[in-house]
Amino acid sequence: MISLVNIVKDYDGKQMGSRAVDGLNLEIAKGEFVALLGPSGCGKTTTLMMLAGLLKPTSGEIYFKDKLVNHVEPKDRNIGMVFQSYALYPHLTVRDNIAFPLRERKMAKKEAYERALATSKILQIDHLLDRKPSQLSGGQQQRVAMARALSKDPEILLLDEPMSNLDSRLKLDVRDEIRKIQRKLGVTTIIVTHDQEEALAISDRVAILNGGKIQQYAPPNELFNHPANLFVGSFLGNPPMNLIDGVVEKRADEQWVKTKLFELQIPQPCRLEEQHIGKAVKLGIRPHDLFIAEQPSEAAIRLQIDLIEHLGNGQLIKLTDRDGQADMMIRLLTDNEKQLKEREMISIGIKPNKFHLFDMTDEGRNLLQFQ
Amino acid sequence: MSTSIAKKLLVHTYMLLFTMPIIGMIIWYFLSATLNGTTGQFTLENFNFVKEPIEYAGVVLPAIWPIVLNTLVYSILIVVIEVGIAVPTAYAFSRLDFTGKLAAMKFLFLMRSFPGITLIIATFFILVQMNLVNTYLGVILVAITGSLPGRVYIMKGFFDEVPWDLEWAAMVDGCSRFRALMKVLVPYVLPGIGAISVFSFLGAYGEWFLFKLFIFDDNMLTLAGYLSRLVTKENVILNYGLITAIGLFYTIPLVIFYIFTQKIFLKINMGGAKQV
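Those protein sequence lines, which keep their order, are chains A and B.
Residue numbers 497 to 867, in our numbering, belong to the letters of the first sequence in order.
Residue numbers 881 to 1156, in our numbering, belong to the letters of the second sequence in order.
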């Protein structure tokens, strides 16, 4: 449905380092819900603007259904867009706002108003049609913006951080609703967000961007369980992944990762290539993949509790080694049942096969492939 | 309670003291227009100019109504031309990237900082060369040259306030750039357009200097020019009653206009000319 091929966007041709998007390739299927996720300045909004036609790529091609649209004006692309600020027309009523794109297509006023009414019913804002945008709450404005984007029956719906101006409770409701409407209408949707929870919850596939490049493009589950590189691993997940320096060692027929505090065997099915033996790696373990061992065993790691944070649905424990020699800080997520005290020594273990190894190149490629 | 009364009393006394001279001036103005100078009796004979051409200092002045018509035509023409040029120009300065934008902006400021009077001999020379002396076109050209930079500057401030999202939304919703300007941006900056229209109108209504310089035909005068001709003819004011009566005739539409448009003036501080 949508293909982006080698898209490059420079903001100011004269300067270096003004490259917002750097060789981006993306395929989006019809009816798919895709999120562009990344830290600010990663090029995600620029990418969306290029899809909308509001910006022209410096090089590369954008295709909608095999049709090159690089030079097609935004008005001729049949897209609906919801902006972060909602960008409702302040001088028009809600009804006229929703009917605006239809009227611009020379649709008769009566028909346009009927369509506006129908769309507003889907979004449950039909009682607000005679109001002006300034008389609406943030959540209502957001719905009006959605209705305006959907009223013209677009082929592609673009959402630019549509929920960042809503409070956290409302966000959850709106998120579900957007997802429901998208399923119902089957419209191909692309959302830009910096909120990973939102991106993972709402979309079929997530493209993680950094430095104008796609780091990984996969369904949410896969991103979380099989991060392609160090950036994806450390960017996703809250609290973030523990990253520990280690070295790969070979003992007889076994491969081990050795860190300052503990050793970990790499399971047989995902043995590393010989070239990695003796090389430094980053060991990544998510805080919820660590557990507190009841019985001190050989495999367990002895650490001291530095700080306990109560998160409501669990406790986040920050651990350090007692003498501070390894200079290691590990976060562990556990349930509320455990009675723990700061300064206490505990033993922790790693859930089987729940770790990642990243090489030390700039890319930080993930070396393990658990099935 | 007593302190609040004392406070109010103080404030009101203060305000009264300072507004009295102004009120006094206005009252004197009305009185001298409506009283006979020698007998001190109420009369409307000073207002005879509304009925017929009158003689003043030995010169027969043209009838007032064609002059009023001139004033309206001239003022409205100036408003239409200035708004018509200032709005698209300000949009371009605010929203478009083009070569020489910065230089043009700097030139705009330069134009604003020149006192027009210093250029008057050169302007006169140019108008003579172009055969535009004693024509409205000449006056209009000189007038808008002086005032346009300021109007553009104010309008640019208003356009700068319009979020980009709004223009983008219009473009995604099926507008061309120009149509987005007409359908979305212009309604958004309507207070600004109102403000510069009022400024333009007041400026044109009060314009006497250019008429004094470039118009030699008394039938082509506007009210302000007409009035100025009365005051300065022979350097002596012969008939206070007549001049104040015409002055009143000239001022009252302005006061009414101002009462209705002062809200727009206040918007200038809110929306306009914030960003450079």
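No lab work stands behind these hints, which were simulated from the structure alone.
The structure presented is a predicted model; accordingly, all values stated were derived computationally and were not measured.
A hint or two may mislead.
Stated by the list, open to error - Capping the alpha-carbon separation at 16 Å, the derived lysine to aspartate or glutamate pairs in EDC-like fashion look like this: (1) A:Lys552 x B:Asp977; (2) A:Lys552 x A:Glu569; (3) A:Lys709 x A:Glu569; (4) B:Lys1063 x A:Asp506.
Would you check the hint for Lys1063 (chain B) and Asp506 (chain A), treating anything up to 16 Å between C-alpha atoms as holding?
violated, 31 Å
Straight-line Cα separation of Lys552 (chain A) and Asp977 (chain B) no greater than 16 Å?
Holds - the C-alpha atoms of Asp977 (chain B) and Lys552 (chain A) are around 15 Å apart, at most 16 Å.
Assess, step by step, whether the Cα of Lys552 (chain A) is no farther than 16 Å from the Cα of Glu569 (chain A), and give holds or violated.
The given pair, whose Cα atoms are some 10 Å apart, holds under the 16 Å limit.
Is Lys709 (chain A) within 16 Å of Glu569 (chain A), Cα to Cα?
Cα-Cα ~25 Å, so violated.
Hints 3 and 4 from the list above are not met by this structure, while the remaining hints are.
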